[in-house]
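Just so you know, the sequence shown maps onto residues 188 to 477 in our numbering.
Incorrect hints may appear among the rest.
[Claimed, not checked] Using C-beta positions, here's what the derived DEER-type ranges look like:
hint: 1; residue 1: S409; residue 2: Q271; range: 45 to 51 angstroms
hint: 2; residue 1: L202; residue 2: L277; range: 28 to 34 angstroms
hint: 3; residue 1: F322; residue 2: R351; range: 38 to 44 angstroms
hint: 4; residue 1: V339; residue 2: L377; range: 23 to 29 angstroms
hint: 5; residue 1: R351; residue 2: A426; range: 16 to 22 angstroms
hint: 6; residue 1: F322; residue 2: L424; range: 22 to 28 angstroms
hint: 7; residue 1: L277; residue 2: E358; range: 15 to 21 angstroms
hint: 8; residue 1: R303; residue 2: W213; range: 35 to 41 angstroms
hint: 9; residue 1: L408; residue 2: P307; range: 24 to 30 angstroms
hint: 10; residue 1: P334; residue 2: L377; range: 24 to 30 angstroms
hint: 11; residue 1: I248; residue 2: V339; range: 29 to 35 angstroms
FYI, nobody ran anything at the bench for these hints, they're computed from the structure. Glycine included, C-beta positions come from ideal geometry on N, C-alpha and C.
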Amino acid sequence: MNPADSISAGNAFLLLAVLAGIGIAWLRPLPASTLARGGESAWAPWDFRLTRILFLVWAFILVLIAANAAGLTLLRTGSWEGAQPPESLLRWSGVLSTLVLQLGLLGVGLWAIRARGWSPRGFFRESGASGRSVFRVSLQRFLRLLPLVWLVGVLWGLLLLLLRSLGLPLEPEPQRAVLWIAESDSPAFLLSMGVLVVIGAPVVEELIFRGLLFRYLGEKLSLPLALWTSGILFALLHASLQSFLPLVVLGVLLARVYRESGDLRVPILFHLFFNLFSFLNLLFLPAPPG
Numbered sequence: 188m189n190p191a192d193s194i195s196a197g198n199a200f201l202l203l204a205v206l207a208g209i210g211i212a213w214l215r216p217l218p219a220s221t222l223a224r225g226g227e228s229a230w231a232p233w234d235f236r237l238t239r240i241l242f243l244v245w246a247f248i249l250v251l252i253a254a255n256a257a258g259l260t261l262l263r264t265g266s267w268e269g270a271q272p273p274e275s276l277l278r279w280s281g282v283l284s285t286l287v288l289q290l291g292l293l294g295v296g297l298w299a300i301r302a303r304g305w306s307p308r309g310f311f312r313e314s315g316a317s318g319r320s321v322f323r324v325s326l327q328r329f330l331r332l333l334p335l336v337w338l339v340g341v342l343w344g345l346l347l348l349l350l351r352s353l354g355l356p357l358e359p360e361p362q363r364a365v366l367w368i369a370e371s372d373s374p375a376f377l378l379s380m381g382v383l384v385v386i387g388a389p390v391v392e393e394l395i396f397r398g399l400l401f402r403y404l405g406e407k408l409s410l411p412l413a414l415w416t417s418g419i420l421f422a423l424l425h426a427s428l429q430s431f432l433p434l435v436v437l438g439v440l441l442a443r444v445y446r447e448s449g450d451l452r453v454p455i456l457f458h459l460f461f462n463l464f465s466f467l468n469l470l471f472l473p474a475p476p477g
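Kindly produce the complete structure, drawing on both the sequences and the hints.
Shown next, in the form of structure tokens:
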């Protein structure tokens, strides 16, 4: 897409609205004590044995295999002419794979919580704070920290351009799902991806990467190492060089707000706001010339 054509009135309005929110968030900071009893002291340790950890690792691998197999099965059952399946079938294959992946990881995460003897409802609401307080804290943290993710994204893009100009064979591309959303005109597909990206991904990824991984690493490693390790693994899951470093920083920030609040709903809503902004921005992109 031509950069000159990469923004619309909808993109501009969305950006202005978010910038206004960022200004308000910085002018009216929300105290860290808004939640009932946030903080690291509210957490009980995972205290998992090695055998249970190995079981979780194998479960994650099986979920990845199942998600990939589901998408391939849909491709093989479809019919098309030519060597390559049509783009629409590839997109729906991606939807199915993502759905299976999210449901599988959600099941693994809930099993881990119950195996530890905890209540899933209590695990997601550990601070005991009201939903309204959690929403305010999440939105404020999102608006205050979003510029940092933007800045890292710009600098990372410039670094990749510099490395390419020096002759390194780098071909950074957006995630395939990002391209599908930007280029699709199917309401059913966009609705399906919207649910998976805006609702499914924040819940599942925060449960796995912050509720399980970061929290467990925080018991075994120093805080900086736990933050960056979970952030790097979070970015690697998305398999995109173009967005790798911004996603690392986003993962670190999500883990940080989780640690500060002691409530998993805060990073979930933070993540939801981030994905919603990104999703709407893609929807507002002008259609490519026919």
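Evaluation of the provided hints:
{"no.": "1", "hint": "S409 - Q271: 45 to 51 angstroms", "verdict": "holds, 48 angstroms"}
{"no.": "2", "hint": "L202 - L277: 28 to 34 angstroms", "verdict": "holds, 30 angstroms"}
{"no.": "3", "hint": "F322 - R351: 38 to 44 angstroms", "verdict": "holds, 42 angstroms"}
{"no.": "4", "hint": "V339 - L377: 23 to 29 angstroms", "verdict": "holds, 28 angstroms"}
{"no.": "5", "hint": "R351 - A426: 16 to 22 angstroms", "verdict": "holds, 19 angstroms"}
{"no.": "6", "hint": "F322 - L424: 22 to 28 angstroms", "verdict": "holds, 26 angstroms"}
{"no.": "7", "hint": "L277 - E358: 15 to 21 angstroms", "verdict": "holds, 20 angstroms"}
{"no.": "8", "hint": "R303 - W213: 35 to 41 angstroms", "verdict": "holds, 39 angstroms"}
{"no.": "9", "hint": "L408 - P307: 24 to 30 angstroms", "verdict": "holds, 26 angstroms"}
{"no.": "10", "hint": "P334 - L377: 24 to 30 angstroms", "verdict": "holds, 28 angstroms"}
{"no.": "11", "hint": "I248 - V339: 29 to 35 angstroms", "verdict": "holds, 30 angstroms"}
Consistency with the previously given hints is maintained throughout, with no hint failing.
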